[in-house]
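S.K.: Residue numbers (this note's numbering), protein chains in the order written: chain Y, 1 to 138; chain C, 139 to 228.
Derived by calculation from the structure, the hints in this document are not laboratory data.
For each residue, glycine too, the CB sits at the ideal point set by N, CA and C.
Some clues are possibly wrong.
[To be verified] Derived pair list, reagent style DMTMM-like, types lysine to aspartate or glutamate, alpha-carbon separation capped at 25 Å:
| id | chain 1 | residue 1 | chain 2 | residue 2 |
| --- | --- | --- | --- | --- |
| 1 | C | K194 | Y | E65 |
| 2 | C | K160 | Y | E109 |
| 3 | C | K194 | Y | E61 |
| 4 | Y | K58 | C | D179 |
| 5 | C | K182 | Y | E128 |
| 6 | C | K214 | Y | E132 |
[Claimed, not checked] Distance windows between CB atoms, simulated:
| id | chain 1 | residue 1 | chain 2 | residue 2 | range |
| --- | --- | --- | --- | --- | --- |
| 7 | C | N196 | Y | R34 | 22 to 32 Å |
| 8 | Y | K62 | C | P209 | 32 to 42 Å |
| 9 | Y | K62 | C | A166 | 23 to 33 Å |
| 10 | Y | P72 | C | F168 | 26 to 36 Å |
| 11 | Y | P72 | C | N152 | 36 to 46 Å |
| 12 | Y | K54 | C | N196 | 22 to 32 Å |
| 13 | C | L186 | Y | P10 | 33 to 43 Å |
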Amino acid sequence: MFDLKISDQPLNPQDCLDFVNHESTGASTVFIGRVRNQSKGKKVLRLEFEAYEKMALKEMEKIAEKAKEKWPIAKLAFHHRTGITLLGDIAVIIALSTPHRKEGFRACEYCIDALKETVPIWKKEIFENGEEWVSATP
Amino acid sequence: MFRKSDNNDNMKINILAFGVAKDILGSANFEMEVKPKLTIDELKAQFLAKNPDFSKLNSILLAINSEYSIPGQVLKENDEVALIPPVSGG
Chain Y
1 MFDLKISDQP LNPQDCLDFV NHESTGASTV FIGRVRNQSK GKKVLRLEFE
51 AYEKMALKEM EKIAEKAKEK WPIAKLAFHH RTGITLLGDI AVIIALSTPH
101 RKEGFRACEY CIDALKETVP IWKKEIFENG EEWVSATP
Chain C
139 MFRKSDNNDN MKINILAFGV AKDILGSANF EMEVKPKLTI DELKAQFLAK
189 NPDFSKLNSI LLAINSEYSI PGQVLKENDE VALIPPVSGG
């Protein structure tokens, strides 16, 4: 069972952890991606996220389904921010519950890696003197 | 504004552009009239020809009705086509 969300409002890790809690599981694993203050040596002021929401949710569900095929995941929450985010804000949360920790760590890593490959969400870095869509050009 | 299409007529598709693709086209959402049975590859070639800045990107993928398109896929009336520059979520 999955909880997939794209929101322009602040994300809440506790909501994700509460969702994945299940008595058949001994491990809740969570990854939180946050906005940091620099990128390739340049000072970042904020990030702006844009999503093709309908498709992003479909792609997130595909990733969750694939992760569930590979590891014994009971529940999985996958939340991503859109809009303007400031330093320290949460950009993404992946939380999942598994019987044991090892498959939890692997599944969590798989989900965030896959998100960065296929989910149609874009990040613009705003610097002191300019801005840039991440990964757009060589 | 657009005529209803029949076999010999052009068809209408909806274009969505995101991220840097939106900046290149100067618009996030517009309608386009294209010839019937246009393939996604032909449409992509049209965009690249009209907007040379697309070739500066690491990649540009097209999605049809919110699924990644496959080579040779044929467009239909009212399809929603999204221009997907390199994704950078997370």
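S.K.: Does each hint hold? Answer for all of them.
M.R.: Okay, the hints, checked on the actual structure:
With a C-alpha separation of about 34 Å, the suggested pairing of K194 (chain C) with E65 (chain Y) is violated against the 25 Å cut-off. Under the criterion of a C-alpha separation no larger than 25 Å, the hint pairing K160 (chain C) with E109 (chain Y) is inconsistent with the structure, at around 31 Å. A distance of roughly 31 Å separates the Cα atoms of K194 (chain C) and E61 (chain Y); the hinted pair therefore is violated under the 25 Å criterion. With a C-alpha separation of about 23 Å, the suggested pair K58 (chain Y) and D179 (chain C) falls inside the 25 Å cut-off, and the hint holds.
Straight-line distance between C-alpha atoms of K182 (chain C) and E128 (chain Y) comes to about 35 Å, which puts the hinted pair past the 25 Å bound. Straight-line distance between C-alpha atoms of K214 (chain C) and E132 (chain Y) comes to about 34 Å, which puts the hinted pair past the 25 Å bound. Separated by about 25 Å at the C-beta atoms, N196 (chain C) and R34 (chain Y) satisfy the suggested range of 22 to 32 Å. Restraint check, K62 (chain Y) to P209 (chain C): a C-beta distance of roughly 20 Å breaks the suggested window 32 to 42 Å.
Distance hint for K62 (chain Y) and A166 (chain C): a CB-CB separation of about 25 Å, consistent with the stated range 23 to 33 Å. Under the hint 26 to 36 Å, the C-beta atoms of P72 (chain Y) and F168 (chain C), about 46 Å apart, miss the expected range. At about 41 Å, the beta-carbon gap between P72 (chain Y) and N152 (chain C) stays in the expected band of 36 to 46 Å. Checked against the hint of 22 to 32 Å, the C-beta distance between K54 (chain Y) and N196 (chain C) comes to roughly 24 Å, which is consistent with it.
For L186 (chain C) and P10 (chain Y), the hinted distance range of 33 to 43 Å is satisfied, since their beta carbons lie about 39 Å from each other.
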